[in-house]
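A.B. asks: The residues making up each chain are set out below.
There are 2 protein chains.
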Amino acid sequence: MHHSRLCALLIDCNGPDVDKAAGFWAEALGRAIDPDHPGTRGNYRMLETPPDEPIVQIQRVSHESRVHIDIETDDISAEVLRLERLGATVVSRLERWVVMQAPTGQRFCVVRVQRPGFPKNANRWD
Amino acid sequence: MHHSRLCALLIDCNGPDVDKAAGFWAEALGRAIDPDHPGTRGNYRMLETPPDEPIVQIQRVSHESRVHIDIETDDISAEVLRLERLGATVVSRLERWVVMQAPTGQRFCVVRVQRPGFPKNANRWD
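Chain order of the listed sequences is A and B.
The first sequence finishes on residue 125 if you use numbering that gives the first Met the number 0, and the numbering steps up by one all the way, no holes.
The second sequence finishes on residue 125 if you use numbering that gives the first Met the number 0, and the numbering steps up by one all the way, no holes.
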């Protein structure tokens with residue numbers, strides 16, 4: 000038995016200045032950059048998140064700019080296997096998360112629990 | 000004075016069968032397709048949304064598959080102007096919403112209020 004939940008929107012930005020990119024999205028969405036969050040580091044900037052809203056994180060990337068979804072879970076292996084059975088494929092297994100591709104073409108990540116309140120609104124898979 | 004809020008994730012799917020596409024995402028996110036929602040029509044399929052989560056809607060598109068954000072507002076014109084001042088540009092003005100492009104490259108839409116609970120967690124712009 001494990002749980003999973005839509006966790007975050009990652010705004011992947013191809014450009015040299017992740018602070019400038021995050022600055023636009025902070026103003027656009029009305030959520031300040033959280034400089035003290037562990038999700039603000041290196042190529043990542045975390046926006047402040049109301050407790051009952053999904054996380055929005057800005058990432059500097061070398062591929063084209065896009066948006067992707069993260070799914071959080073208390074059992075990454077089980078969740079990846081579940082998603083593979085639905086038709087998703089593994090793109091790469093990293094130390095702390097797994098990049099997958101949906102049968103409809105979008106890439107997304109399966110990550111450890113990150114949003115407060117888990118497993119509220121999460122799915123239970125037996 | 001107007002308000003705006005991150006409203007929805009649109010999962011844009013390039014493929015002939017929007018029901019099959021929506022079926023994958025419904026299973027992946029654990030949210031059933033809502034056949035009675037007005038957001039389920041034509042090329043659109045709406046997933047059931049817990050009241051304190053963003054809307055997830057699947058859309059059949061002719062461009063490449065991707066994910067985009069919708070921002071809901073009680074004043075589309077004022078919100079578009081605000082976002083233009085931040086550096087976003089208008090791609091197309093439709094009858095009921097406006098397609099914009101962020102300076103970081105992602106397209107997104109400015110739409111009328113759609114999520115329950117508005118303006119909870121919304122931003123107020125004076």
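Heads up, some of the hints might be wrong.
Same chains, same names: a pair is fine if it fits in one copy or spans any two.
Claimed, not checked - Derived SDA-like pairs (lysine to any residue); straight-line CA-CA distance at most 20 Å:
no. : residue 1 : residue 2
1   : Lys19     : Phe117
2   : Lys19     : Thr88
3   : Lys19     : Lys119
4   : Lys119    : Pro37
5   : Lys19     : Leu85
6   : Lys119    : Arg30
Hints in this document: simulated from the structure, not taken from any laboratory.
A.B. asks: Each hint: holds or not?
C.D. replies: Hints, verified against the model:
1. Lys19 x Phe117: neither (31 Å within a copy, 29 Å between copies)
2. Lys19 x Thr88: Cα proximity of Lys19 and Thr88: across copies only (17 Å, versus 33 Å in one copy).
3. Lys19 x Lys119: neither (34 Å within a copy, 28 Å between copies)
4. Lys119 x Pro37: neither (22 Å within a copy, 26 Å between copies)
5. Lys19 x Leu85: between (38 Å within a copy, 11 Å between copies)
6. Lys119 x Arg30: Between copies only: 14 Å across, 23 Å inside.
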